[in-house]
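J.: So the sequence lines, in the order shown, correspond to chains A, B, C and D.
If you read the first sequence in this note's numbering, its first letter stands for residue 1, the second for the next number, and so on.
If you read the second sequence in this note's numbering, its first letter stands for residue 1, the second for the next number, and so on.
If you read the third sequence in this note's numbering, its first letter stands for residue 1, the second for the next number, and so on.
If you read the fourth sequence in this note's numbering, its first letter stands for residue 1, the second for the next number, and so on.
Wrong hints could be hidden among the right ones.
Quick list of in silico lysine to any residue cross-link-like pairs, SDA-like style, CA-CA up to 20 Å [what the hints assert, rightly or not]:
id	chain 1	residue 1	chain 2	residue 2
1	A	109	D	45
2	C	129	C	189
3	B	203	C	189
4	D	82	D	266
5	D	200	A	4
6	B	177	B	42
To spell it out: a stretch of chain A is covered by chain D in this simulated footprint if at least three of its residues, at any positions, have a beta carbon under 8 Å from a beta carbon of chain D; those stretches are [claimed, not checked]:
id	stretch
7	168–177
8	255–269
No lab work stands behind these hints: they were computed from the structure.
None of the values given here were measured: they were computed from a predicted structure.
Idealized CB from N, CA, C, for every residue including glycine.
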Amino acid sequence: MKILIGLINGMISGATPILLAALGGAYTYYAGVFNIAMEGMLLTGAFFAVLGSYYTGSWLIGVLLAILGALFLSLIFILFAVVLKTDEFVTGIALNLFAVGATTYMLRKIFSVKGVFSNPAIQPIPAIRLPLAENIPFVGEILSGQILMVWVAGLATILTYFLIFQTRFGLRLRAAGYNPARLDSSGVPSSRMRALSLLACGVLCGLGGSFLSLGYVNLFAENMSAGRGWISLAAIILVNGNPLGIALISLLFGFSDGLGLLLQGYRVPSQFTAMVPYIATLIALYFYAARKRRLNSA
Amino acid sequence: MRQKILNALIGIVVALLLGAVLLLLQGYDPLATYEALFRYSLFGYYPFATTLRNAVPLVLPGLSAAIAFASGVVNLGQPGQLVMGALFATVGGLYLDLPPALMIPVLALLSMLGGLLWAGVAALLRRFFDMSEFIVTLMLNMIADFFTAWAITEPFKDPAAFSPMTPQINPNGWLPKWGEFNTMILFMFAAVILAWFVFNRWKAGYEWRITGQNALFARLGGCNINRNFMAVMLMTGALAGLAGGLVVMGGPHRFIRGLGANYAWDGVMIAIVANNGLIATFLYGLFFSAIQTGALGMELITSVPNEISQVLQAVLVLVIVASREYLNTFVEQRAARRRAREART
Amino acid sequence: MTNNPTLIEMRHIVKVYPPSVLALDDVTVDFRRGEIHSIVGENGAGKSTLMKVLYGLTQANSGEIIYKGEPVHFREPGEAIAAGIGMVHQEIVLIPEYTVWENIVLGVEPVNWLGKIDRQRARQLVKQKIDEFQFNLDPDARVESISVAARQKVEILTLLYRNVEVLILDEPTAVLTPQEIPQLFAELNRLRDGGHTILFISHRLEEVLELSDRITVMRKGKKVDTVPASATTRQELARMMVGRDVIFTTRRKPQPPGEAVLRVENLSLREDHGRVRLNNLNFEVRAGEIVGVAGVEGNGQFELVNTLMGIQKPTSGRIFIRNVDITHFDILQRRQYISFVPQDRGKMGASLVAPLWEDAIMTHHRLNPRFSQWNGLLLNTRFAQQFTRDLIENFSVVAPSPRAPFRTLSGGNQQKVIVGRELLLQSDFVLLDQPTRGLDVGSMEYIHDQILRIRAEGRAVLMISADLEEIFLLSDRILVLYRGQLVGNLPVEQTNPQEVGSLMLEGQVQSS
Amino acid sequence: PATSTQEQPKRVVYLINGALGDNAFYDSGKAGIDNIAREYGVETRTIECNFDAGKYEPSLRAAVDFADVIFVISYGFEDQLKEFADQYPNKIFVNIDTVVENSKKTITSVDFIEEESAYLAGVVAGLATLDTTIPNINPDKIIGVVGGDVDPVVSAFVFAYENGAKSIDPEIQVLKKSLGGAWDDSARGKQAALQLYDQKADVVFQVAAAAGIGVLQAARERQLYAIGVDTNQNDLEPGYVIASDIKNVGKAIEDVYKAINDGTYQPGQVLKYGIAQGGVDIALEAQIQVLPQSIIDQVMALRQQIIDGSLKIELYNNQNVWQ
Ligand SMILES: Nc1ncnc2c1ncn2[C@@H]1O[C@H](COP(=O)(O)OP(=O)(O)OP(=O)(O)O)[C@@H](O)[C@H]1O
Ligand SMILES: Nc1ncnc2c1ncn2[C@@H]1O[C@H](COP(=O)(O)OP(=O)(O)OP(=O)(O)O)[C@@H](O)[C@H]1O
Ligand SMILES: [Mg+2]
Ligand SMILES: [Mg+2]
């Protein structure tokens, strides 16, 4: 029982940063921006979250700073890819490289450490206890005690869904991806929508980064995004950007990651259990492709 | 052509200037830093030889990516293909015993086979299940990483070693050195020339290029799209795999942890910076190798930390590509304005 | 109407596309309030560019625009729309995934305080406009599911929804059927009578004469003249456009057809969920014969081409060329028997970024052994260059060199390269899909001559065209496709455009 | 070739295969280097290879060009190290944490007996899991360990840890998780630890560098206990880290350098650094002391036995400790 609850909680916390980053990527996906900079934005967000929280003692300021940090990368992305029309893939790769170098450098410069900065003065994002739900067996143990950012991620999923499919902003955003010429000639510059989508991505990746460094664990480590930005990209592409689908894939990924660790207790070499999430992604892709083929032929 | 070279040079210069500003802001002396950077990468027998050698695992995956992208194939699996190639060559080197003249080519071929098979997995999944090679190759990179890690900690481990690694391969499979020059660079030159030749002179290369530009047109023109996709996937996989084999045969002579580092991924980046041009990929590969190699000297002499060289590389990538595109439009617009002025008079 | 006050004046407009295409060369023209003003000219004459400059889609290098007496400068279409000028592009730019009303309100969506789109109101507003202009459109239909003519209406409605006074229509009739055109014209006339100013671009001179109040003729970036429609003729317009006389009658000489080259037997294509795309087609095309395929777009032409070319597999039926059953051949095998000119140059006919020679040798490189070296491994580039130079010469292509990027060629020259490439394949059967779509009179004439020449050589031609005039001009026999069915197989001498038109629209000849 | 008669060295390089910032092994060595610089006024440099095999040879070459004394942590480039040592017999090569022997026998190796301290860590964990008077300790005899990878060094830790725990009570079960090389992914480290706690382990030993900090944080979250590694991490999560297994690389480096400076240095030795030599140790003191004095006394007694040689700790010998 405890293991199962642990697995579910692990799934939720594993999914949260991926979900937040992927939701951010969904905006750019719909706006027709090929954005692979989520990895760098997560990392930058994680760094600035710790920076803000450590110096001010307020996790909220940490989160805000994380958003600003990730937004800074968004601005560079906008400058190069939207204004100067540089190839988006190149811009993304360069920004990821930049984020690793810059956060490592700042870590050394500001905190005079390399590798990990962990300090009791870093205020974590609080966990939300639900006194009512707590008494329900099983469900209560999952619902209560989740870190605030988990709920934020859930909310962000719904909000993103609403924004993209129900609002003026969303109609224009998707138009920028489907046919920018149409949007341009209807008087809304498509480049503006692309820029806005990148800003949205920055905000969400900032939140995701702050979850990494102030939520699940309470420290900054070099390269602590550890490929989650790439997984979020795979999640987006797998479900064509649909926010609900993204939530599902993120959970699947969080689950298989935890499952991989758990399987180690059962005589599978750790390198193979570590592959589980990636193999799960491939399997998801298989079913997705099969479904698409069916739809196409129908 | 001259314009292209000029644009590249301007981009590099602007990027280096920007980098200098960054260094100044952080309180380092940019001149001394660049001096150290290039002294440890270009000016000198050993530095130059090292730069050439370090270029191998950048240029080969770069060529692989350039050919794939230019053919409309999104093979991003170079990192995985590289380590699989390295593993194949290593295992071959552990169990085979042939005279060097045979052993070296056999191991090189084995490494190509490793990369080819790993790319082949992605190709087959795409071909028969319609699974986008973009995601598949990315996932296979991770899987290859763990798989090779397992291979060197379990079945092929060196029991005498303190960290996961295989024993050394048979010395007959070691690439000889000429002075400081490692003969692995010969393989690189040969690969560049061959790849260029195949891509630009072969009939298949012609079809790949056209397919990359307009797949429907190529298909209607009678090109066998599926076969070409397979061929490109396998060939680019083999190129990346070869890089892995050469790294083993010319470097530590065994598969050790961290063998692949970030090379292949940097190679992909280089291919894009080079706009998928093969010769340009080669040149940029040398250039970035020089930066990476020189970073060591930079660290040693001016104690600029090596993460600064990472930032510098990011700036280089962005600025080179942005300025190339900016300069192209700038040049064209200037010509247009001149033309308009002529028309008015 | 021709005496109305001037609404827009464009003065001394110069526009160069980088690096050096002089698209507008000192053009001065005026448009009056409440007129339908047509602009005609060959491909590349600069018609679209002139309108794009007015609309703010592209910026002129010099010159000025006076609108309602004030100098204006629109930096983007939004500003032009705000000032009351709207444009429907030559290529329809709608979002197929969106519904009609979503396309129309995009950019000026009615929303509630949350930013949520007020669907009810948006649909109602669109409905109102549809009714007001009697457009007969379903606001909830997805654009990908409606006809080309309906899409055109969506484009026009989009502008009317924004209350523009000036409507710019860039070749709106190019994609319409003969029956749809009068409807559009009636709508335009109604708009004009309601006080709108309409700027209309077209190649089709008889349309222009019928519709316009005044006509401006352009040639090679220059304005030739502006004339009242009532004071000119088709011949005169054509002469101004191309700078010489143009013949409009057929030069097709009678010629007895030979034996059957293409034979299609019981060809059907059914999609998985049962929709019938091609329904039991039976026909043949004989040597020395041009067979035209008429039909409203979307009635099976696309699928006919796809099954003939091997892109789609027919559900049943067989295809023979000279008694060889090619039904199960792959594309390359078919290419030994079929020359094919596709309808969309950029999408199917060539790679725009490749150098000209690489586009010119496609298919030849597989079929003609002289392109091979080293047992077919290597491409004989020297021969390829020679081949391209010959093609350029024999098909009067204007191109700087075989190495010039294909996209730098003008549309007409691109089409000549493709036609030349295909005709040089020497196959017995030639499949032409809209061979002159979007081409100007000069290029069209040239391509028509080539088609007649291969007929004279005794090759069999199947030509799909949306242009009935072209079909009647060239064909010996006309096939009419209606809902995937062959509803007419008529020798050209025994029919007329009205009959074919009815077959296209109704699948049968009206009894009235 | 006696280096002892040579003039005083001027430049020292600390060459590591990985990167600084592990809060542990490499950093501890760096501290020793910094102390040398301060005490003897020599110029020092650190070269990090970031686990990039392509950098090993050029780095070694640069180090040889630059310095007279080279301290290396040579995982991965033992072969090149031998070559260079043979080529430059006048330079001093000190290899840390592994044993490398070149044909001219000039390389000095510092070998840490990590089994000694890890054994004691196992003893601490074993005693703690049996002592239900400690808050939140459950009656199950289960403890855990999280390793960064499954390499021989981590395996040696796990091996001795298990032996230590079983020496207290053979029924104690040791659950093991490895992060498959994700040394820097502290979230993963935390998740692994949480799973162990959910499987009823009440003490988890981390051998996972940066990822291991996540283990310590998991202990706080579950209100259970962890054991730190390499440096004294007892106060990183006060009240939840009950001990740290310390590896004092800096001390070894300083000792060797002192010998060089004093002229007593002998090339080609293998210097064993166990608890007695101050190379490894167990640290129990903490701001908030969780362990009862009885346990502390018991561990200290065993530690003393190891120092005076009355307790011999079994060394790791390539057994598969991961089941
Ligand atoms: N890093 C660089 N430094 C200097 N010059 C460069 C660099 N990168 C590219 N160039 C120049 O740009 C030119 C264009 O490269 P590109 O690879 O497109 O040419 P190519 O290989 O001949 O083309 P293709 O591969 O299509 O045949 C190169 O020939 C080279 O002279
Ligand atoms: N975006 C562009 N870049 C470069 N050249 C262009 C561009 N658009 C048009 N041109 C060139 O400018 C000239 C005028 O083009 P324009 O589209 O105005 O002609 P048009 O009269 O509308 O022709 P058509 O009847 O084919 O639509 C042509 O030579 C064309 O090739
Ligand atoms: Mg090139
Ligand atoms: Mg036009």
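J.: Hints first: check each against the structure and report whether it holds.
T.: Hint-by-hint comparison with the structure:
no.: 1; hint: 109/A / 45/D; result: holds, 18 Å
no.: 2; hint: 129/C / 189/C; result: holds, 17 Å
no.: 3; hint: 203/B / 189/C; result: violated, 57 Å
no.: 4; hint: 82/D / 266/D; result: holds, 17 Å
no.: 5; hint: 200/D / 4/A; result: holds, 13 Å
no.: 6; hint: 177/B / 42/B; result: holds, 19 Å
no.: 7; hint: 168–177; result: violated (count 0)
no.: 8; hint: 255–269; result: holds (count 8)
Figure legend: structure checked against the earlier numbered hints; hints not met, in rising order: 3 and 7.
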